[in-house]
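Residue numbers (the numbering used here), protein chains in the order written: chain A, 149 to 468; chain B, 1496 to 1740.
Keep in mind that the hints were calculated from the coordinates and are not lab data.
Every residue gets a Cβ at the ideal spot worked out from N, C-alpha and C, and that includes glycine.
Chain B is nowhere near these chain A residues, computed Cβ spacing over 10 angstroms in every case:
#	residue
1	Val168
2	Ala188
3	Gln221
4	Leu271
5	Ala312
6	Leu379
7	Pro383
Simulated restraints, written as ranges between beta carbons of each label pair:
#	chain 1	residue 1	chain 2	residue 2	range
8	A	Glu224	B	Gly1718	42 to 48 angstroms
9	B	Val1610	A	Ser274	22 to 28 angstroms
10	B	Pro1681	A	Gly308	50 to 56 angstroms
11	B	Arg1691	A	Gly190	52 to 58 angstroms
12	B	Pro1681	A	Gln270	53 to 59 angstroms
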Amino acid sequence: MSNTQVVTVRGLRKAYQGRVVVDGVDLDVPAGEIIGLIGANGAGKTTTVECVQGLRRPDAGTLRVLGYDPVTQAEELRPLIGSQLQDSALPDRLRVAEAVTLFSTVRAVDGGELLERFGLSQLRRSAFSALSGGERQRLFLVLALLNRPRLVILDELTQGLDPAARRNVWASVRQLHDEGTTVLLVTHEMDEAEALCGQVVVMRTGRVVDAGTPADLVDRYAQTATIHFTLPDPPAPLLDELRRLDGVHRVERAGPRVTVYGSRLIIAHVGAALVRWDTVPGDLSVHIPSLEDALLQLLNKRPPAGTPAVAEMDLTGGRR
Amino acid sequence: MNTAVGRLARAELKLMTRDPLVLTFVFAFPVVTMLIIGGAFGTTPDRAFDFTNPSHWYVASYLTVVIAATGLVMLPVHLASYRERGVLRRFAAAGFPRWSFAIAQLIVGLVTTAVACVFLLAVAAPVYGIPAVHDGWRVVAALSLGAIAFVSIGVLLGSLLPSARAAQAVGLLIFFPSFLLGAGGPPPPVMGSVVRKIADPLPLTLLTNAVREPWLGLGPATGSLIAVAALAVVATVIAARRTAL
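Turn these sequences into a full structure, and let the hints steer you where they fit.
In structure tokens, the structure reads:
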């Protein structure tokens, strides 16, 4: 294990009643990074992080987290991890300020300051059951950060938050990163992974299928940009020229509606061609592939030939 | 006391005072039923009550109703609800030590029982009077061991039953027959032989005997006391293992 790795997992395997949910996962989380664990529901993401936290005992594999073995040293390890768990709660009648007191160890920072930072100061006396979904998530985040954790695990962090609250929480996670905290983020919100994570690990049916920066994955699996525009009577020579442009895969016409598919290069080339023809349409729209497009492609087909083996990558390996 | 157990016990005690189930079953129910049953049989010593004052007989019996209500109704629902909703997982993930929750529950159960017992005696004193305690050490030993036994049984039920609703159903199903046959119902001499055969080995019957007999000077009830002690040891060991975080 490298000293710069906060989490090292090799060959993790876990089954529930004979059903394998994590099957030979390798995972490295470097210090100070935000690493996203992404994939469809049931991919094994939550089980993986539960094993990392020492909340579940793996059937096979080795794990090292902050220098501890989560299986045999869970009591030493857990206080060093701040976690926001999926599907968990606090006692209904516990008030916000009481929750902060309950979870504060001797290592704790000023809970009042954290409540202020996450907009919960006014709710100190509110019972957990009276909080909205977003307020609960923010309280969980406060509790996760309370005891100066060296590793923060956030599982479906912004589930149920409105867009403004999501942006606030994202800003807090970025702040954590700026302060040097390592974050392992489990999500199936691709915009969240794209906005926050330096590296993402993609899981499917219990296995790691690929990893890299969000941009790498988009380049690898979702290269097709799409341009739509409408011209009352698109001239055939223009359409021929568009077909010959560098990066264009195909051009479709349905009445006045024209759609051009190709690599990201086509955005500049098609725009330039339309300007040359002096026919700049008012409704021109461009769809640039996102991590979500990449994930959909990745989950539906094998990576193209020539993709570096996952085990060779900086972040993670693990196809077994 | 900023230990994990201290923080958990303080928070849990506060939560108990806000729980309507606790206020109803542990505080109100034993007091109300003691007042009714104690009044129904009057104060004249009677053969059915081993020639003691029936009201005193019930005052000496009802402390165990408080203990049973804590163990069979309050704690199972409380714990099953925590498990069902992921509260225990959150405690575990936050680094609370393995045994901290079990110890905190034991403290909370014992404190709740003690406060509810004092409340019951405070209500009984001006109405029926509190009977003189003949063998205080045995009574205190029985109450302490009984509280540990029933709190542990409650913790155990809460860890075994799949949901808060199931815990409530099973808890009440065990509590009411135990209450009627072992503490707050008719005195054993008026029960039929079959009913007595069912009642005699019940944990609450054994505990009530272990408290009432030395309290009223009816005998040492050593057998019942030993049975309650054994139950306390076994239930505590199993419950602690089941509730380790």
